[in-house]
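S.K.: Given chain A, put chain B in place with the hints provided.
Sequence order for the protein chains is A and B.
According to numbering that gives the first Met the number 0, the first sequence is numbered sequentially starting from 0.
According to numbering that gives the first Met the number 0, the second sequence is numbered sequentially starting from 0.
Worth flagging that the hints you see were computed from the coordinates, not collected in a lab.
None of these values were measured; they are calculated from a predicted model.
Check the hints yourself; a few may be wrong.
[Unchecked claim] 25 Å max Cα-Cα, derived DSS-like pairs, lysine-lysine: (1) A:K116 / A:K193; (2) B:K193 / B:K23; (3) A:K193 / A:K156; (4) A:K116 / B:K23; (5) B:K116 / B:K85; (6) B:K193 / B:K85; (7) B:K185 / A:K103; (8) B:K116 / A:K122; (9) A:K122 / B:K103; (10) B:K122 / B:K23; (11) A:K85 / B:K85; (12) B:K85 / B:K122; (13) B:K156 / A:K116; (14) B:K116 / A:K103; (15) A:K193 / A:K122; (16) B:K116 / A:K85; (17) A:K23 / A:K103; (18) A:K85 / B:K156; (19) A:K156 / A:K185; (20) A:K193 / A:K23; (21) B:K156 / B:K116; (22) B:K185 / B:K122; (23) A:K23 / A:K85; (24) B:K193 / B:K116; (25) B:K103 / B:K23; (26) A:K122 / A:K85; (27) A:K185 / A:K85; (28) A:K193 / B:K103; (29) B:K23 / B:K116; (30) A:K122 / B:K85; (31) A:K122 / A:K23; (32) A:K103 / B:K85.
2 protein chains.
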Amino acid sequence: MDSGLTVRFCTNETQNTREQFVQKLRVMGFDISVSHVFAPAPALVRIIRERHLRPHLLVHDGLMAEFEGVDTSSPNCVVIGDAADKFSYQNLNEAFRVLIGQEKPLLFSLGRGRYYKETDGLKLDVGVFMKALEYAGDVQAEVVGKPSADFFGTVLKDMSLQPHEVVMIGDDLVNDVGGAQSCGMKGIQVRTGKYRPSDEQHASVRADAYVDDLAAASHAILTVR
Amino acid sequence: MDSGLTVRFCTNETQNTREQFVQKLRVMGFDISVSHVFAPAPALVRIIRERHLRPHLLVHDGLMAEFEGVDTSSPNCVVIGDAADKFSYQNLNEAFRVLIGQEKPLLFSLGRGRYYKETDGLKLDVGVFMKALEYAGDVQAEVVGKPSADFFGTVLKDMSLQPHEVVMIGDDLVNDVGGAQSCGMKGIQVRTGKYRPSDEQHASVRADAYVDDLAAASHAILTVR
Chain A
0 MDSGLTVRFC
10 TNETQNTREQ
20 FVQKLRVMGF
30 DISVSHVFAP
40 APALVRIIRE
50 RHLRPHLLVH
60 DGLMAEFEGV
70 DTSSPNCVVI
80 GDAADKFSYQ
90 NLNEAFRVLI
100 GQEKPLLFSL
110 GRGRYYKETD
120 GLKLDVGVFM
130 KALEYAGDVQ
140 AEVVGKPSAD
150 FFGTVLKDMS
160 LQPHEVVMIG
170 DDLVNDVGGA
180 QSCGMKGIQV
190 RTGKYRPSDE
200 QHASVRADAY
210 VDDLAAASHA
220 ILTVR
Chain B
0 MDSGLTVRFC
10 TNETQNTREQ
20 FVQKLRVMGF
30 DISVSHVFAP
40 APALVRIIRE
50 RHLRPHLLVH
60 DGLMAEFEGV
70 DTSSPNCVVI
80 GDAADKFSYQ
90 NLNEAFRVLI
100 GQEKPLLFSL
110 GRGRYYKETD
120 GLKLDVGVFM
130 KALEYAGDVQ
140 AEVVGKPSAD
150 FFGTVLKDMS
160 LQPHEVVMIG
170 DDLVNDVGGA
180 QSCGMKGIQV
190 RTGKYRPSDE
200 QHASVRADAY
210 VDDLAAASHA
220 ILTVR
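Looking at chain A on its own, in the form it has when it is part of the complex (with noise of 0.2 Å):
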């Protein structure tokens, strides 16, 4: 980057793999490379293949190519992404019986959105069927990606900068802002997006900054440093 300034691209996408994202985000104008974006289900695979796992996957089928090696026979735990339309009854029953089936039932999610907003009108997003399997199987699920406090130890590493060094943009008050500061780091909301002026009364979480667009935050950054 021109200004000497570290970037990297935090997302909790589970609906494409890393390269899809990029390629999206180039036709808008953002020189960017894989390699700076961050996103739940690379992060998820780090760890199964850490604690040795063997996942059942309700994900969508955009995402499955980030999976691809991972041995899924005999599973051992359940990873849900936002699967959309995969979220039948059916597939829902069939994750609940590999999780209850485990003697210490294991559930990941890929975030923990309550809804999004698409052309067509609002959707659940993945936090709501891992509520309902939460419930399902009596188990807490560990949530990747933000606002988990180790996707963005992962991202600072990667950086090799410390939390009070960096500063996080992005439109979800909770999951971007309010997680970032969670680890030490600054917050700015953008008046875009997901973003609504409640927002900025919101009972919890008080961002840095709010700011128009992704332009203004990075001006007021390029200025203040």
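M.R.: Just chain B now, kept in the frame of chain A:
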């Protein structure tokens, strides 16, 4: 009944009407009338009429007859029952949109069960989707049916009996036994159906008696009264 005891049947069945429920029991040799069966759907219909509500129904097709004559136009609340295969992503999104579109979202759940067993395996029950929609809509559901005190209260009133005069017999420790005990009744658990040996060491609910089956429960009641 020969014994002179007053008997009522409380079920959380929400896949069929009371008529069908009674037919099933008649085949099994129980001589009961529909007016002695208490189920969540008719209890909810009473609430809906009292509060002049117009529900969006996400319930099993087999239950729809219980809602005959109920105004479902421009819905201002959401009702979920054990809808089974009708718990699709699309139907859940639709229920959620009705919920989030209200100034004060109002969600009714016909029971709060986690799962039940069918011949082809464990199935997720209505409570799981209640938790899902509660999280999505940031709302607490009103549960109709066991173990709701209102529900048991209606049955007591119908019998013109005081709680201490009544014994509840059931296979579900929390919803049958615990629910009845919370209302001041005695609760007996039968070691059939969904009974599990671990129920006898439950952290918060302790039945007044555990018996092998319904015949043993009747015998115990007839002997001690």
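S.K.: Hint by hint, say whether it matches the structure.
M.R.: The hints, checked one at a time:
1. A:K116 / A:K193: 8 Å, holds
2. B:K193 / B:K23: 19 Å, holds
3. A:K193 / A:K156: 28 Å, violated
4. A:K116 / B:K23: Roughly 45 Å separates the two Cα atoms, so the pair is violated.
5. B:K116 / B:K85: 18 Å, holds
6. B:K193 / B:K85: 24 Å, holds
7. B:K185 / A:K103: 34 Å, violated
8. B:K116 / A:K122: 30 Å, violated
9. A:K122 / B:K103: At roughly 20 Å apart (the allowed maximum being 25 Å), K103 (chain B) and K122 (chain A) satisfy the hint.
10. B:K122 / B:K23: 21 Å, holds
11. A:K85 / B:K85: Roughly 14 Å between the alpha carbons, so the hint for K85 (chain A) and K85 (chain B) holds.
12. B:K85 / B:K122: 13 Å, holds
13. B:K156 / A:K116: Between K156 (chain B) and K116 (chain A) the Cα gap is close to 47 Å, so the pair fails against 25 Å, i.e. violated.
14. B:K116 / A:K103: Within the cut-off at roughly 20 Å; holds.
15. A:K193 / A:K122: 13 Å, holds
16. B:K116 / A:K85: Measuring from Cα to Cα gives roughly 23 Å; hence the hint holds.
17. A:K23 / A:K103: 40 Å, violated
18. A:K85 / B:K156: Not OK: K85 (chain A) and K156 (chain B) at ~45 Å, beyond 25 Å, violated.
19. A:K156 / A:K185: 16 Å, holds
20. A:K193 / A:K23: 19 Å, holds
21. B:K156 / B:K116: Violated: K156 (chain B) and K116 (chain B) sit about 32 Å apart, past 25 Å.
22. B:K185 / B:K122: Cα-Cα ~30 Å, so violated.
23. A:K23 / A:K85: Holds, because 23 Å separates the two Cα atoms, which is no more than 25 Å.
24. B:K193 / B:K116: Within the cut-off at roughly 8 Å; holds.
25. B:K103 / B:K23: Cα-Cα ~40 Å, so violated.
26. A:K122 / A:K85: Status holds; Cα separation ~13 Å.
27. A:K185 / A:K85: 37 Å, violated
28. A:K193 / B:K103: 21 Å, holds
29. B:K23 / B:K116: 18 Å, holds
30. A:K122 / B:K85: 17 Å, holds
31. A:K122 / A:K23: Roughly 21 Å between the alpha carbons, so the hint for K122 (chain A) and K23 (chain A) holds.
32. A:K103 / B:K85: Given that 25 Å is the threshold and the Cα spacing comes to 30 Å, the pair is violated.
The earlier numbered hints that this structure contradicts are 3, 4, 7, 8, 13, 17, 18, 21, 22, 25, 27, 32.
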